[in-house]
Amino acid sequence: MMEAKIRLEHVTKSFKDTGVVLDDITLHVNDGEFVSIIGPSGSGKSTIFQCIGGLLQPEKGELFLDHRKINGETGNIAYMPQQNSLLPWRTVSDNVLLGQELFHKPDKQEAQKWLRKINLSDYQDAYPHQLSGGMKQRVAFLRALLSPQSVLLLDEPFSALDEFTRFDMQKWLLSIWEEKQKSVLFITHNIEEAIFLSDRIYLLSPRPAKIIREIKLPFRRPRCDQLLMESEFLALKREIYSDLKAGGLHESV
Amino acid sequence: MITIWNKGWKPFLVLLLFFLFWEGITHFQEIPAWLLPAPSIIFKEAVTSYPLFLPDIGATLKLAVTGLLLGSAIGFLIAMTLHLIPSLRNAFYPFLILSQNVPIIVLAPLLVIWFGFGFFPKLIIIILVCFFPVTIASLDGFSNVPRELMHYMRMSGATRFQTFAKLELPNALPPMFSGLKIAVTYSVMGAVISEWLGAEKGIGVFMTLSSSAFRTDRVFIAIFIIIFFSMLLYSIIVMIEKNVIKWKVKGEE
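Just so you know, the protein sequences line up as chains A and B, in that order. In this text, residue positions in the first sequence follow our numbering: the first is 1, and each later residue adds one. In this text, residue positions in the second sequence follow our numbering: the first is 1001, and each later residue adds one.
Since the hints were derived computationally from the structure, they do not count as laboratory data. From a predicted model like this one, the values you see are computed outputs, not experimental measurements. Just so you know, even glycine gets a beta-carbon here, dropped at the ideal spot from N, CA and C. It cannot be assumed that every hint is accurate.
In the DSS-like style, the derived pairs of lysine-lysine whose C-alpha atoms are separated by at most 27 Å in a straight line are [as the list claims (entries may be wrong)]:
#, chain 1, residue 1, chain 2, residue 2
1, A, K105, A, K117
2, A, K113, B, K1166
3, B, K1246, A, K113
4, B, K1181, B, K1062
5, B, K1166, A, K105
Derived Cβ-Cβ restraints for the label pairs, each shown as a range [claimed, not checked]:
#, chain 1, residue 1, chain 2, residue 2, range
6, B, I1085, A, K113, 40 to 48 Å
7, B, V1244, A, A160, 27 to 35 Å
8, A, N71, B, L1098, 54 to 62 Å
9, B, I1085, A, P222, 28 to 36 Å
10, A, L234, B, S1087, 56 to 64 Å
11, A, Q57, B, L1098, 34 to 42 Å
12, B, L1069, A, D125, 12 to 20 Å
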């Protein structure tokens, strides 16, 4: 068994106005592993991230990074939010370097190298408003990837993109990630996306969020388009869908 | 040049018509020059007697620019302090507004009693009128940071100072320039008003002397000088703004 990079044990969190949001969440991400959390909107997925990010203190339970307790401690993870959150006054290359800048002197050359690699070197001096939605998300992902932390939290990063861009971005994300193999925790409410990208998936119930199932995916990497049509893939998709439904999920996913 | 002309010919035409109308009405109605001199008389007077008021322009400009620079710097420092120390903000914010409620007309003679007729009391008046728009605009810009950007910075482990330097400060630049534009128009006015109290040189002095001698043509010269230099300083600010703010401010997603 591989070493757990990040580990949550019996994490419980509630808010005054909404009651219990996270109910005894235990999960882990191994070193270099891609793990997704699927759950309905409003189930508290983002609350999990805010606990890991150190913005929220859980009432009960503990969070570990490399065996070190990190409850309420910030700066341990690299983050890619749902909205790209690029700083509008920074050029693309300066935005990419922001994550590094918070911790050490930024490496301009590395940023340029990666921007070339993702075919955005023509845009390195452009401002975010000049980019398309997909390009912005690429820059935001690169910013997280080049941050010094070894764990990436991706919070529904493609939910604002159209279907075509979305699939392109998923493949692109995998190709880049396979090169740098950081540990990833990925939030989504798109079942297909989670199966296509992940090594493991946690299914979350509606609020208060509990983990209703953990699924290890048998597919090999690198993953390709055909995977989406394989019967095993489709069977898993159905299974997850019915699990979520049994867990009390009413909205269509 | 061509673009300036393309944009500027309409107001220029209006101005021209206005002066023609003015010229015409003084001729046809035979209005005496001490009541309302024709633009042509004002222009002639300006050309012949400019050595008389050239030193006045220098004195007023020096006062206005020094006051503007100091006032804006102080305004910015006040905004930064109040923003970074919220308890101070609550304690001092009402006094900021109070400072603008004290009538300058009453305050100015007091300042003369305290500090004499020199440069210093006049400077205080200009600072007093210039700092306020900069402070209010900066405070506004510091605190109106888009939520998702703030969330990203906090999740990524930015310190308080980093959040200020990399997010809140650049975010405040556009409103800060709006504040500066207001301050710049106040600064020339402030300088002239402060000179009314008593000074050796200055457009304010030139204006008072001309007015009490019924040299209405010279009063108008003073008015045009004030307008000209206010606009000049204003356009310098606009130029700096264009060089500093290169990103798109509004209409983003």
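What are the numbers of the hints that this structure violates, sorted from low to high?
-> As far as the earlier hints go, 8, 9 and 12 are violated by this structure, in ascending order.
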